[in-house]
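J.: Residue numbers (numbering that gives the first Met the number 0), protein chains in the order written: chain A, 0 to 294; chain B, 0 to 212.
What the hints contain is simulated information worked out from the structure, not anything from laboratory work. For glycine and all other residues, C-beta sits at the position ideal for the given N, C-alpha and C. Worth double-checking, as some hints may not be accurate.
[Stated by the list, open to error] Here are some chain A residues pointing at chain B (derived, C-beta under 7 Å):
id, residue
1, M0
2, Q3
3, M16
4, K18
5, G19
6, G20
7, G38
8, D99
[Stated by the list, open to error] Some chain A residues well away from chain B (every beta-carbon gap over 12 Å; in silico):
id, residue
9, E181
10, I278
11, G281
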Amino acid sequence: MEQQTGTLRVKRTFPEMLKGGVIMDVVNAEQARIAEESGASAVMALERVPADIRRDGGVARMSDPELIIQIKEAVTIPVMAKCRIGHFVEAEILQALGVDCIDESEVLTPADEAFHVNKHTFDVPFVCGARDLGEALRRIGEGAAMIRSKGEAGTGNIVEAVRHLRTITDGIRKLTIVPEEELMTEAKNLGAPYELVREVRALKRLPVVLFCAGGVATPADAALVMRLGSDGVFVGSGIFKSADPLRRAKAIVKATTHFEDPAILAEVSRGLGEPMRGIELGAIPERELMAARGW
Amino acid sequence: MARIGVLALQGDFREHIHTLRALGAVAHPVRLPRELDGVDGLIIPGGESTVMGKLMVEYGLDQPVRDLIAVGTPTWGTCAGLILLSRATDNALAGQPLLAALDVRTRRNAFGPQRASFEADLPVPALGDPPFHAVFIRGPAVLSVGADVEVLARLENLRHTSESNESTGQGTIVAVRQGHLLGTAFHPEVTGDPRFHEYFLGMVRGARAEQQM
Chain A
0 MEQQTGTLRV
10 KRTFPEMLKG
20 GVIMDVVNAE
30 QARIAEESGA
40 SAVMALERVP
50 ADIRRDGGVA
60 RMSDPELIIQ
70 IKEAVTIPVM
80 AKCRIGHFVE
90 AEILQALGVD
100 CIDESEVLTP
110 ADEAFHVNKH
120 TFDVPFVCGA
130 RDLGEALRRI
140 GEGAAMIRSK
150 GEAGTGNIVE
160 AVRHLRTITD
170 GIRKLTIVPE
180 EELMTEAKNL
190 GAPYELVREV
200 RALKRLPVVL
210 FCAGGVATPA
220 DAALVMRLGS
230 DGVFVGSGIF
240 KSADPLRRAK
250 AIVKATTHFE
260 DPAILAEVSR
270 GLGEPMRGIE
280 LGAIPERELM
290 AARGW
Chain B
0 MARIGVLALQ
10 GDFREHIHTL
20 RALGAVAHPV
30 RLPRELDGVD
40 GLIIPGGEST
50 VMGKLMVEYG
60 LDQPVRDLIA
70 VGTPTWGTCA
80 GLILLSRATD
90 NALAGQPLLA
100 ALDVRTRRNA
110 FGPQRASFEA
120 DLPVPALGDP
130 PFHAVFIRGP
140 AVLSVGADVE
150 VLARLENLRH
160 TSESNESTGQ
170 GTIVAVRQGH
180 LLGTAFHPEV
190 TGDPRFHEYF
200 LGMVRGARAE
210 QQM
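Okay, chain A solo, but in the shape it has when bound:
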């Protein structure tokens, strides 16, 4: 009986088990324990939460392996970690550390402005950000096992997350209705592999799990993106930049499960204390937008 590890199916099935759940950004073991206690489906280790990266500037890199090891020891749920776009050596280090999934993330400072990591050569699954269907399919073509809409991390503003999620799902919907002979032109216009375009048309969804990220700050935000067709939610700064992280985290977990039940959403949203302050998108200079990183 041969046991095959690191296959495309094994990598793509891992995110299936995270669906309907919340993946929370954490920078140390203490935050990871709070995230697990609140009901996180996984934690995402990174050096600084996006709001702090945005505030402090400088180069944002993969976390210190020591912190990742401490986080792994602190929790039983899956541990993900971020590497810089194109930084395949950071990715190899994260795989060697035994993280369960790698996020090749625009939240960190890109290491390569032309090429993303070839994710097919790894045994560990990757999640990548996308603003539209073409970008999602290019990442899947490179081996990503999970896609998250990018949003604009560290803003506490859901508007970009909604734009990107809607752009991806609109793109999928369009592929299901165009005539067969238009698919190659669609692939050309999307800048996406033809075979994946055909696959999306047949499945009427991406061939991998689609989560939403970048700007979720409240239970209502989480429920909104679930209603818009997301399979689950990433929350970055929104939890640990709020007044009462544990309480807010628990509320966002419940809202992600009961996203179609306004009575429950009203109940879990009560008295959570101050959310993160948030930033209006127009106030961010264009060169500081994280979502524009990667192609």
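We have chain A already, so just place chain B on it with the hints.
T.: For chain B alone, kept in the frame of chain A given last:
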């Protein structure tokens, strides 16, 4: 027609519902206790057992599910669901195991991190030929079983995960049945092979026939 509730707090419940509906069963997601009314069978899907456990307690589903199991309602746990059904888990968090119905001891995440997750052709005599293509994702293993538990499948050779299995040399137990309870450490809902779901629906039909006698 059998009505199956699929616990839908978190995880891959949608795949179970699709597979059941393709087999002609009526299946619906269960997030609140009232959605358990009138179910002939219950499935607890793959996902994170800690998350499902917390939300079951929070929304008052744990006792109604225990009551359903106690009156003989066929119940199947896949992966995280198997952990929640187990009588004992050797690396449980506080509050687990939650349902403590199936007389087995399991170990969460028995094979290591995701990198060690795997797929394999698994012989399952109860399903006949060919072997069942099983996908294990950070899966649990069954370390020991009670006298009433039937072992449906074992992983041969490689990666022994428990002392007891190592000593018998028979391979790790990954599928079990105890009367109306079914547990699989892997994910039959993701491979498109409906035989485990057919097997479970057979258990549901059997239980309904018994009730009518």
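J.: For the hint on M16/A, just tell me whether its beta-carbon gets within less than 7 Å of chain B.
T.: holds, 5 Å
J.: Taking 7 Å as the limit, does the beta-carbon of M0/A come near enough to a beta-carbon in chain B?
T.: Check passed: Cβ of M0/A comes within 5 Å of chain B, closer than 7 Å.
J.: Against chain B, is K18/A within 7 Å by beta-carbon distance?
T.: Check passed: Cβ of K18/A comes within 6 Å of chain B, closer than 7 Å.
J.: With d taken as the least Cβ-Cβ distance between G281/A and chain B, does d exceed 12 Å?
T.: holds, 36 Å
J.: Using 7 Å as the Cβ threshold, decide whether G38/A counts as touching chain B.
T.: holds, 5 Å
J.: Mind verifying the non-interface call on E181/A? Its CB should be farther than 12 Å from each CB in chain B.
T.: holds, 29 Å
J.: Hint validation: G20/A versus chain B, beta carbon distance must be below 7 Å. Holds or violated?
T.: Because about 5 Å separates G20/A from the closest Cβ in chain B, which is inside the 7 Å limit, the hint holds.
J.: How about D99/A: closest beta carbon in chain B under 7 Å, or not?
T.: holds, 4 Å
J.: Less than 7 Å between beta-carbons is the criterion; does Q3/A satisfy it with respect to chain B?
T.: holds, 5 Å
J.: Does the interface hint hold: is G19/A within less than 7 Å of chain B, judged Cβ to Cβ?
T.: holds, 4 Å
J.: Beyond 12 Å from every chain B Cβ: check whether that's true for I278/A.
T.: Non-interface label on I278/A holds, nearest chain B Cβ at 30 Å vs cutoff 12 Å.
Of the numbered hints given earlier, the model fails none.
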